[in-house]
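Those sequence lines, one after another, are chains S and A.
Counting the first sequence from 1 gives a position; our numbering is that position plus 15.
For the record, in the second sequence the residue sitting at position 171 is 157 according to our numbering, with numbers rising by one throughout.
These aren't lab readings, by the way, just hints derived from the structure by calculation.
By construction, the Cβ of each residue, glycine as well, lies at the ideal position given by its N, Cα and C atoms.
Treat the hints with caution; some may be incorrect.
Unchecked claim - Computed list of lysine to aspartate or glutamate pairs in EDC-like fashion (alpha-carbon distance at most 16 Å, straight line): (1) K32(A) - D101(A); (2) K200(A) - D232(S); (3) K169(A) - E165(S); (4) K32(A) - D118(A); (5) K161(A) - E195(A); (6) K140(A) - E165(S).
Claimed, not checked - Listed below are several chain A residues computed to face chain S (Cβ distance under 8 Å; list not exhaustive): (7) A49; (8) L90; (9) F91; (10) P132; (11) F193; (12) E196.
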Amino acid sequence: METPATLTTRPENPKTQTSYVRIRLATQSDVPHIHKLIHQMAVFEGLTHLFATTESSLSSTLFKSPPFTALTVFILEVSLSPFPPTQPDPTLSQFTPVETRVILNSPIVDEDYETFRVVGEECLDAVVAGHVFFFPNYPSFLSKPGFYVEDLFVREPYRRRGFGKMLLSAVAEQAVKMGFARVDWMVLGWNVNAIKFYEEMGAEVLEGWRPCRLGGDALQAYANK
Amino acid sequence: MAAAAPPPAPTPTPAPPVEHQLNPTPYTTFVRIRLATPSDVPFIHKLIHQMAVFEKLTHLFTATQESLSSTLFNSPPFTSFTVFILEVSPNPFLIAAPHLTQTLFSPIVTHVNLDLPIEDDDSEEFKIVGADGSEVYVGGFVLFFPNYSTFLAKPGFYVEDLFVRECYRRRGFGKMLLSAVAKQAVKMGYGRVEWVVLDWNVNAIKFYEEMGAKVLQEWRLCRLTGDALQAYGD
């Protein structure tokens, strides 16, 4: 394509400003997109020197356990057409894909539209706009599981339209459905936009805690201790 | 771990296998780190409560023995929430403890040579009497579970709780527990061991840095819980 794709209008419906959004579980075929999204997040956070992920390391680690029992990934897709209906899956701990519509006040200009496009059989033509990685944790004071959100990322052209809130809300909704007690995550202290967004969602930023990390050579040294 | 240990003495003769007696002092204390079982729940419950007291967070403590029993043992060790118990004893632990060993993990046994005895006022509450009449005491625990680093595309372990009872502190037991988790992470090819620390806990911060961990000053913990979380259920 010569020009970046613009979401919100189609030749036959120039006045349409509705986009359809779906949040669903990731599958192996999403790995190339997930890989690029993680890299984009590393760039955003100024942490590319820590980025060592490959598509094959993702493929071999992301799908080892049933959803919500361990690491789980939600993908957020945006499309100009409604998504085809999905059959409810009774094995999925009461999760059904979240489908909603958003009215966009300004067009989304996505220069990477082709890179993140998802084309499926049943008239599916969508673009991956973001993802969220999360897994169960265990607040021992409550002795009930919670979810820890490892990554929440929305691609730059899709920001400030509520998609991050939709992804985090989907995790929170799943936590409530499963009787979980908390949803936790980390934020960089300088990320004032994110902090404001999280507080508006009802989260508290707990100032007193600092993460500790044992990794690399310092961790390897424990092999023989 | 046993930083001041002298070179090992020759192995003493016949079975049963016993840990080497390494120049014991009158107050040598033997230590074992093993996986918790459901019968440890009463101890785990008390230890978590003591930790809530230490962290001044008892207003958040609602765990019961039943809630622990029903959530802690639903999956094989290391695939989900996992607890190591640290036990102490005046007598050596058997190294070969087949009922406690499983494919991925064998109990860790060691000892510390102390100059003074440990005075445990709650010893009765934390005593485990073995089938052979042996008495050991629960000194602490660590609770951890797998997490995931997207930058490494590898699992790691997240340490939720690390706690040593007050009378057992400053003897290296916390380091033993955290080292056991680190060693298991390396054994399983995991990328990191992570946890959080309260920024006023200067003793803990020093201990963690001495172990090789980095405290990441720029991150803050966010939490959605209680009514604010329940609101998302609709």
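Each hint tested on the structure:
1. Between K32(A) and D101(A) the alpha-carbon distance is near 28 Å, which puts this suggested pair outside the 16 Å criterion.
2. A hinted pair counts as satisfied when its Cα atoms are at most 16 Å apart, and K200(A) with D232(S) qualifies at roughly 12 Å.
3. Between K169(A) and E165(S) the alpha-carbon distance is near 23 Å, which puts this suggested pair outside the 16 Å criterion.
4. Between the alpha carbons of K32(A) and D118(A) the distance comes to roughly 25 Å, so the proposed pair goes past 16 Å and is violated.
5. Our distance criterion of 16 Å between C-alpha atoms is met by K161(A) and E195(A), whose separation comes to about 11 Å.
6. Among the hinted pairs, K140(A) with E165(S) is consistent with the structure: their alpha-carbon atoms are about 12 Å apart, no more than 16 Å.
7. Below 8 Å, beta-carbon pairs count as interface contacts, and A49(A) has one with chain S at about 4 Å; its hint therefore holds.
8. Below 8 Å, beta-carbon pairs count as interface contacts, and L90(A) has none with chain S, the closest being about 15 Å; its hint is therefore violated.
9. Look at F91(A): its Cβ only gets to about 14 Å from chain S, farther than 8 Å, so that hint breaks.
10. Contact between P132(A) and chain S, as hinted, is supported at the beta carbon level, the nearest pair being about 7 Å apart and thus within 8 Å.
11. Checking F193(A) against chain S by beta carbon gives a least distance of about 10 Å; that is not within 8 Å, so the hint is violated.
12. Checking E196(A) against chain S by beta carbon gives a least distance of about 11 Å; that is not within 8 Å, so the hint is violated.
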